[in-house]
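S.K.: Residue numbers (this note's numbering), protein chains in the order written: chain Z, 110 to 447; chain W, 41 to 317.
Derived from the structure by calculation, the hints contain no laboratory data.
Be aware that one or more of the hints could be misleading.
[To be verified] Sample of chain W residues facing chain Z (criterion: CB under 7 Å; computed from the structure):
1) THR47
2) GLY93
3) GLY131
These figures come from a predicted structure and were not determined experimentally.
Beta carbons: idealized from backbone N, C-alpha and C, even for Gly.
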Amino acid sequence: MFKSSLNSINEIFAKIAENATLYLPSDNKDGNAVYTKWENGVVWSNSLNTVKSPKDFFFPQVEDMMAFKTEGKNIEINDIREESEDFVVFGVRACDVRSFDILDRVFLVDPCDSYYANRREHGIIISVACTKPSETCFCKTFDIDATNPGGDITVWKTEDSLYWSANTDRGRELLSKLNLEECGDEAVNEQKAKTEAILNKLPLANLNTDGFGGDKTDALFDRPEWKTLSESCLGCGTCTFVCPTCQCYDIKDFNTGNQVIRYRCWDSCMYSDFTKMAHGNNRLSQVERFRQRFMHKLVYYPANNDGIFGCAGCGRCVSKCPISMNIVKVMKTLGGND
Amino acid sequence: MNTRPETLIPVIGVITDVRLDTPDIKTFRVVTPDGKKAFDHRPGQCAMLSIPGVGEAMFSITSSPTNTEYMEFSIKKCGCVTEWLHQAEVGQQITIRGPYGNPFPVDDEFVGKNLLFIAGGVGLAPLRSVINYCRHYRSKYGTIDIVYGSRSKEDLLQYREIIEEWATDEGINVHLTIDREQENWDGHVGFVPNYVKELGFDTNKTAVLCGPPIMIKFTLEGLRSLGFEKTQMYTTLELKMKCGVGKCGRCNVGSKYVCKDGPVFRFDELDELPDEY
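Chain Z extracted, bound-state conformation:
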């Protein structure tokens, strides 16, 4: 365990930024925390979490994959992939750290996604333990410990200090370069206990997950409640775009005039054309699309991933859905949480 004073944080950021591009949550002019490239003058946000999740760092919203040139009947394929720069993401909360594990289990399994793997190998995660979890937080439901968020390095914040502890080899390597003062873990334990007291009182922290999991397809798929739950869903896809674990994507071509760029971009199973193809569409109604999104997170994903749920309880969808429908209401309605 290492310690630094909160006042010296900009010096530490400067030191980290010497060897890698540093990103951290900073408030924009509208007062919303967004991941921002650090440079002198960029202030670390006091917000609990960022509006958009940090999944962009590894799985960007839009990314060019390859380029083509065509001449007559001939095609030239150009591999435009570049090795990522080294970067550090500071200030990642426990829920979002879990989301990287959830995404890893999709993108890094055979055949490994080289675009994702490249960024993952070059990105160091410095997590920050929560001190003021909000009432939309429910990470605890998924056994995530907000006081012990993980990543390559964990940071705990107290009134006047930061406490640092490395969890991986590359975390240890980075931490050793910061020349911080070694210390005991009393202050951290005290801080953890305070946060735990808040976590235990959160209204959504202990949702019952017994009704969900890999073996629950038959029990849940034909439940009549899907209809009422999805009735007011606009199919806007906001939930999927703010979600740290949604990973569905589209691949599209863009003709620049002298070449064709094949790019991929986030997509949403909530959209009516997501499964539309020449011979038909296997999810014609919003009920079916709505059900797919939640069944995937609460049943299908755990079925393929040792029971781990595809939700990290970050609460972004809870606060951003324009009609206030979200996974918590789904779990309460279908999982006997009422």
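Starting from the known structure of chain Z, arrange chain W on it as the hints suggest.
M.R.: What follows is chain W alone, placed relative to chain Z:
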């Protein structure tokens, strides 16, 4: 440069032959620019074909793996990519990547079995790969029955190959049918599911079905009424796909991804999935 292997990046394929099979289906022969097969595959596997700027789509490989010279794709004109392909000429380059998905179990469960292939319309395309594979290794299998139907005689895919090669093979029974009476047709008239029931097959067979969903549904019921178990019947599914490797999320049904866990499924395996395919 990111030099990690990447399945989403295709290679060049050259169309070396285009055959108009039916009014809306063409069969394309594809090799690499140096005249080789782009990759090896197993019967029932698929490949992603694309035309840069138009789009990319998944197609079953209709040629048998035993064909070492080229791959063939029988493609029905029904969307952006397929319409573009239909106006393509010999020499046109496209992109190709694969193979994707699981094949039919031609070297395990099918071995020693009597095989019954049932196809409707362009549904013959994926089965042709299996049929020709089984013809090549003929002694590994028992009797082979093929029931194939289409709207009209002109809509029967690979008609010449069926008549000149399959129907003349010893131990292969070909049963063709078309939906409505027409001139120059003295064969069976009627829908595939009814024809299957009329033919009344013995249950000592492994059945392989491919065709429009409605044909599959009623043929399945027909075979069940003849006494076939779901564990002795296979099909191959088709859903929207973008990546082909179980990551983009489109072909997800239940805990399966049709591109990677399918497209070949045994009917008892399908029973475990929600009815969304």
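S.K.: Against each hint, give a clear statement of whether it holds in the structure.
M.R.: Against the structure, the hints:
no.: 1; hint: THR47; in the structure: holds, 5 Å
no.: 2; hint: GLY93; in the structure: holds, 4 Å
no.: 3; hint: GLY131; in the structure: holds, 5 Å
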